[in-house]
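For reference, the chains in residue letters:
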Amino acid sequence: MSEAPETKPTPRPSKFLEQSVYRRRRLIDAIKLLPTLGAGLFLTPALILGTGAGSTATRLVYFFFCWMVLILLCATLTRALSRGEEG
Amino acid sequence: MVTFNILVTVALVYVAALFAVAFYADRSAKKGRTKWLRSPLTYTLSLSVYCTAWTFYGAVGNAARSGLEYLTIYLGPTLVFLGFWVLLRKLVRIGRAERITSIADLISSRYGKSTALAVLVTCLAVTGTTPYIALQLQSVTLSFAAFVPSEAGGNLADLNSTALWVAAGLAVFTILFGTRNLDANERHHGVVTAIAVEAIVKLVALLAVGIFVVWGVSGGLSDTLQIIEASPVAEWRPDAGRWVGMTFLSAAAIICLPRMFQVMVVENEDERHLTVASWAFPLYLMLMSLFVLPIAVVGLAVLPEGANPDLFVLTLPLALDQELLAMLAFLGGFSSATSMVIVAAIALSTMVSNHIVLPLWLSMQGPKATVSGDVRNVMILSRRISIGAVLALGYAYFRVTGGTAALSSIGLVSFAGVAQIVPALLGGIYWRGATRRGALAGLIVGFVIWGYTLFVPAIGLLPDSLMQNGLFAMSWLRPQALFGLVGLDPLVHSIFWSMALNSVAFLAVSLVTFPSPIERLQGAAFVNVFSRGESGAGYVGGVAETEDLLVMAQRLLGAREAQTLFQQSAKDQGKLGYLPDPTPEFVSTLERELAGSVGAATAHAMVRQIDGNAAVSVQDLLAVADESAQMLEYSSQLEDKSRELEQTARQLRDANDKLTALSVQKDAFLSQVSHELRTPMTSIRSFSEFLMEGGMKAPDRKRYSKIIHDESIRLTRLLDDLLDLSFLESGQAAMNDQTASLHDVLDRAVSSAGASKGAMTVRRNPADEQIELRTDTDRLSQVFINLISNAQKYCDAQAPTLDISVSEKQGQVDIDFVDNGSGIPQSQQSIIFEKFARLSDHSSAGSAGLGLAICREVMARLGGTVSYLPGQGGAAFRVSLPRRRVAEAA
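If you read the protein sequences in the order shown, they are chains G and Z. Residue numbers are given in numbering that gives the first Met the number 0: position 1 of the first sequence equals residue 0, and the series is strictly consecutive. Residue numbers are given in numbering that gives the first Met the number 0: position 722 of the second sequence equals residue 721, and the series is strictly consecutive.
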């Protein structure tokens with residue numbers, strides 16, 4: 000029986016590139032999800048909790064906290080995206 | 000105590016500073032120093048035009064009345080900006096690719112460049128914005144009044160005149176900086192920079208008041224929270240309907256408000272700015288709303304009962320003897336009001352003038368208006384008048400309803416009005432099936448329901464009986480309980496019905512109607528804006544006369560810009576000169592270029608006036624039908640190839656035409672030369688024979704010798720011309736650079752050509768001619784003489800006139816020679832510069848047809864060109880010369 004020819008997997012020089020493209024796509028996905036997250040954070044307290052308990056001061060702190068988190072998240076993601084574009 | 004006069008002075012100084020900023024920014028932009036002007040920071044700050052006086056003062060009032068509800072006004076835009084990748088990026092890309100000038104233009108352009116839609120959206124925008132402008136004027140007058148409460152009653156007239164002065168001042172500012180460029184799609188650097196400065200002022204003002212309240216009055220954060228808990232505001236509980244409804248409204252408003260569209264899409268410099276604005280603008284909004292509730296709560300606690308909470312930002316520092324802080328707050332409110340009014344006036348005036356005034360004017364002028372009328376001036380004038388009219392309307396509205404509660408609720412009413420555009424807008428950019436009729440139906444239904452259930456009741460025009468019993472006493476038509484839906488908040492009720500029926504009408508009518516070809520093309524271009532690159536698929540009807548198009552474009556874009564565009568297009572097609580073939584690509588490029596000034600609908604109508612009403616071609620329809628991306632890619636490769644082939648073929652065809660024409664001309668010329676040589680030769684021979692015979696009287700001999708002499712001079716001149724030309728062509732002629740003023744060279748040429756005393760009037764503008772040239776002035780003058788004597792010989796007007804005009808741009812001097820004769824027919828324009836060329840019907844003029852050929856060679860040797868300039872009303876030649884600095888050449 001003849002020896003099976005040596006099958007060396009051909010090196011794929013584009014592997015790194017593909018990975019970066021993949022990362023970029025997921026980054027864009029995350030950015031696209033931001034408004035949904037925002038809507039969830041901003042609208043559910045009013046819809047679900049409704050007229051229920053909870054002090055106004057607490058709500059105030061809650062909204063500004065969420066707001067800040069969303070802004071930071073968005074800034075981080077978009078910066079990562081533009082860095083990817085340059086590099 | 001701050002008096003009324005001090006306040007007026009402060010406001011005036013502030014306005015003067017704004018003028019200075021805008022002026023400086025415009026000048027920097029002109030000089031190309033635009034690093035700051037084009038930064039993402041400036042873009043983000045200019046978006047703050049969203050925060051008007053209504054949000055600056057009114058948010059606190061709103062918080063005092065209904066707790067955290069004011070937050071919704073900022074949360075909606077925050078969500079839209081967080082989702083910029085999905086919506087705003089596409090809007091901005093479309094805006095740039097299609098050169099959109101306003102929200103009305105966007106809708107009209109998407110739905111087949113429909114004028115009806117443009118007019119409808121414009122009306123909607125004007126209806127929604129006018130009360131809003133009135134609101135800004137009211138807030139300025141109220142803030143003046145807050146400083147002089149004791150005299151308030153007596154000063155009512157003063158306050159009204161304050162509003163008038165503010166409106167007039169804003170009109171001047173807007174006209175000055177908002178109508179600088181004719182191209183509405185160009186950036187208004189001055190305005191945008193001023194708005195950005197105002198954004199900083201209002202943010203700083205509100206933060207200063209807030210910090211003072213929290214740390215100066217309440218004693219820190221936790222104490223403030225305790226005060227909030229203890230105040231009546233703590234009783235507030237969110238109403239789910241209003242909460243969601245208002246968040247939706249503000250999200251819709253940030254996309255559809257004319258002023259927001261203006262700063263966000265039209266003034267956008269670079270798509271990447273959006274990436275920064277996506278988090279920076281929400282941050283700005285967050286900072287603007289950070290201290291609103293504390294100010295409201297402390298105001299309620301500190302100020303006497305019955306104080307207007309809408310003015311807490313101002314009255315709280317005043318009551319606590321912080322006059323400087325109050326002044327700052329006053330400027331903040333003033334900034335908010337003025338920036339809103341300025342941008343709204345620009346946006347509305349562009350819409351009104353492009354979609355209402357200009358189409359009316361064009362239809363009044365008859366079919367040839369685009370060629371003969373002075374569209375440029377009409378446009379500028381109509382935009383200026385529109386600005387004045389918009390502000391006058393706002394002022395009138397303020398005078399009629401000012402001070403009533405009707406005005407303060409108008410903010411949300413206005414938002415709900417422009418939100419009616421949302422279905423048509425979103426449908427237009429995501430759904431290719433959306434049609435013009437669908438959009439019209441949706442907009443009309445939404446507009447009517449909004450007007451009936453919200454707008455008209457809000458401004459108090461409906462009688463009580465109608466409010467109670469409904470239209471025609473039918474209870475299901477009650478404005479605030481439509482179809483028996485009772486128990487809802489009036490605002491939510493109106494949003495619900497108008498948006499629901501608007502969307503249903505839009506979708507249903509779109510589904511059952513069939514779009515016209517041009518709608519389908521535009522739809523594809525809008526929906527697939529990212530996959531199709533910068534330019535959308537254009538639609539072109541028939542084949543227009545390029546020269547007519549040039550004449551029209553010159554009137555709209557300005558002569559030089561139009562000529563550059565045409566020249567570039569001709570070059571892309573592989574042709575020389577100013578007249579490209581009217582291919583579909585070229586006409587759609589031109590249409591987009593014009594759309595930047597007058598909007599898509601009008602530009603389309605104007606081009607159509609020239610090219611006639613041709614139907615869409617089969618290729619255009621195929622382009623629509625081509626759905627698959629591979630097909631597109633493949634066909635675009637083919638297109639490239641065929642374009643290349645087409646270009647080569649065109650060049651070959653041109654060359655062939657030229658050769659054929661030349662060969663005919665050459666045969667004619669050979670016989671002409673033989674004839675020209677033979678005639679003098681014959682007379683020289685005969686007269687010299689007479690002389691040889693002798694026996695003549697002295698005067699006769701003299702006369703015969705003179706004839707021989709003259710004829711030999713003629714021969715010599717002909718041979719000189721031929722020699723000169725071959726000398727120039729072989730490249731042996733040396734050019735002697737000299738320095739001289741263009742004015743002197745022209746003077747010399749005009750008098751050498753004998754034009755100064757001939758029948759022809761020569762018109763020049765000596766001021767433009769003061770340009771020092773470093774070139775071979777003798778040769779240049781030879782060219783001028785040739786052109787001037789050509790005009791003398793061939794201009795067939797009753798009173799021949801020659802205009803010589805000089806202009807300079809980018810280191811190039813252009814000298815145009817334009818006469819008022821019948822010009823040179825297009826078929827001949829390409830061969831007049833060839834040797835031996837001469838126009839057949841002018842054989843009597845006695846030249847051998849070498850003059851222009853020599854001119855061309857001379858100019859080529861001088862590093863310039865001489866070319867025929869079509870579309871100027873007569874024969875027109877342009878001599879272009881690179882301007883070399885005297886020092887450089889020396």
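Note that these hints are calculated values from the structure, not bench results. On a predicted model such as this, the values are computed, not experimentally measured, just so you know. There's no promise every hint is true.
[As the list claims (entries may be wrong)] Below, a sample of chain Z positions facing chain G; criterion: calculated Cβ distance under 10 Å:
1. L74
2. F80
3. Q225
Don't be surprised by glycine CBs; every beta carbon is placed ideally from N, CA and C.
Would the hint on F80 of chain Z stand, with a C-beta cut-off of 10 Å toward chain G? 8 Å, holds
How about Q225 of chain Z: closest beta carbon in chain G under 10 Å, or not? 8 Å, holds
Should the hint that L74 of chain Z touches chain G count as held when the rule is a Cβ pair under 10 Å? At about 5 Å, which falls below the 10 Å cut-off, the nearest Cβ of chain G leaves the hint on L74 of chain Z intact, so it holds.
Hint violations for this structure: none, all hints satisfied.
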